[in-house]
Amino acid sequence: MKQNWYKYLAVLMLSYVMVWGFLGHIPRQPVLHETARNLYFHVPMWFSMFVMLTISVINSIKYLRNPLTVIDDKAESYAYTGILFGVVGCATGSIWARYTWGTWWTNDVKLNGAAIGLLIYFAYAILRGSFEDEQQKARISAIYNIFAIALLIPLLIILPRMTDSLHPGNGGNPGFKPMDTEGAMRIVFYPAVIGWISLGYWITNLRLRIRKIERQANEA
Amino acid sequence: MVNEIKALIDKEIRLELRQKYAINGMLLYIVSTVYVCYLSFRLKTNHIDKITWNTLFWIIILFTAVNAIAKSFTQERYGRLLYYYTLANPVGIIVSKIIYNSILMLVLSLVGFGVYGLVMGNPVGDVGLYLVALILGAIGFASTLTMIAGIASKAENSATLMAVLSFPVIIPMLLMLIKISKNALDGLDRGESLDEVMILLAIDAIVLVLSVILFPFLWRS
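Heads up: the protein sequence lines correspond to chains A and B, in order.
Start counting the first sequence at 294; every next residue gets the next number (my numbering).
Start counting the second sequence at 136; every next residue gets the next number (my numbering).
Here chain A stands alone, though its shape is the one from the complex (with noise of 0.2 Å):
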């Protein structure tokens, strides 16, 4: 129970989550209307993203200091989790622009920003299956990963608060001002935000525990 403390809390908060966001009141809100409950699944898969990514480099940071493999095993993990919420955060925002926008894709700062983040991943995923050496492959993608982050950072927080967007949360558009005056979303909204980071470390742990066991079969 102690060390499944995060699982229970996934469960708790998404079904919570799947329930009263969907039977829950939401404030009208012209052109969104009910897909502003999108609040709860889109948005904080961004949230995920970062903070798997984050965890992600802060282990890259530490195995260029002191270089054990089981901290490269973290760093790949959160990535690769990191990936996943991306790629759902995506396809939930396209879904959601196609009732909302009427296109799947548009050309906005904050879609490019999430698009070139992906990239970027998926380059380091590639940087990663291209090596043989396990240590040099842990070492240089450390490296790829620190770097990218570093770059990553002027592009998804400088720049879409330099350029007026068509998402919600810029430009006026209406984001997150119904949550200033409206307690009804946030009361979901916070509980999502928790469920799936947590989803996200379940997920990341079961990934870390296949790869050990792996290692232990190559190794017997």
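No lab work stands behind these hints: they were computed from the structure.
Treat the hints loosely; a few may be bogus.
What the hints assert, rightly or not - Listed below are the simulated BS3-like cross-link pairs for lysine-lysine, each with C-alpha atoms no more than 25 Å apart in a straight line:
1. K317/B <-> K206/B
2. K141/B <-> K155/B
3. K155/B <-> K206/B
4. K141/B <-> K206/B
5. K206/B <-> K146/B
6. K206/B <-> K430/A
7. K289/B <-> K146/B
8. K505/A <-> K355/A
9. K289/B <-> K355/A
10. K289/B <-> K430/A
11. K317/B <-> K403/A
12. K430/A <-> K300/A
Let chain A serve as the given structure and place chain B on it in line with the hints.
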């Protein structure tokens, strides 16, 4: 330290001048790419959109940069790299490579700009600002790509990897450059582009600092 960097840059330049085919090859690469674009668009004078003109130019520069810099770690034989390893400080090596590649990129992009302007027409309103964009771009591309080239050279099939790793990383820089050069193209007031220039300088600084911190780890393997 400064002497070491100077000596290493000197070595790079000598090496380049001794094997003239490499630099001549790069010059020919950029000239023929420009000409291919010229023929593909079948230009009568000034028939091309300003935005297309600008974007096309930066894409040519990007590809030239990737090709020119990819060789910076693979050009020399493994044994000789080992020799440098015993001789020089990794920080000295990366700084000298970045400076040398910046000079190379400056030469290439200025020649490229000249030829491009010659055959495709030159609609630039504010040439001074455009040159500033070129200089910032050359330094930025050189510093980012040098580090990526170092990473890619360690792996097998490094040519593909070089492109895959560098394109997404270089996009923020490319977007800023295209914005500045677009402003220059339209001859807007220079104050308009100040923000972008500052951001570019900041990105360049981040890349430089990171390269200096991370390269010793790369060098060791």
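Hint check:
no. : hint              : result
1   : K317/B <-> K206/B : violated, 31 Å
2   : K141/B <-> K155/B : holds, 21 Å
3   : K155/B <-> K206/B : holds, 14 Å
4   : K141/B <-> K206/B : holds, 21 Å
5   : K206/B <-> K146/B : holds, 15 Å
6   : K206/B <-> K430/A : holds, 21 Å
7   : K289/B <-> K146/B : holds, 22 Å
8   : K505/A <-> K355/A : holds, 19 Å
9   : K289/B <-> K355/A : holds, 21 Å
10  : K289/B <-> K430/A : holds, 9 Å
11  : K317/B <-> K403/A : holds, 21 Å
12  : K430/A <-> K300/A : violated, 32 Å
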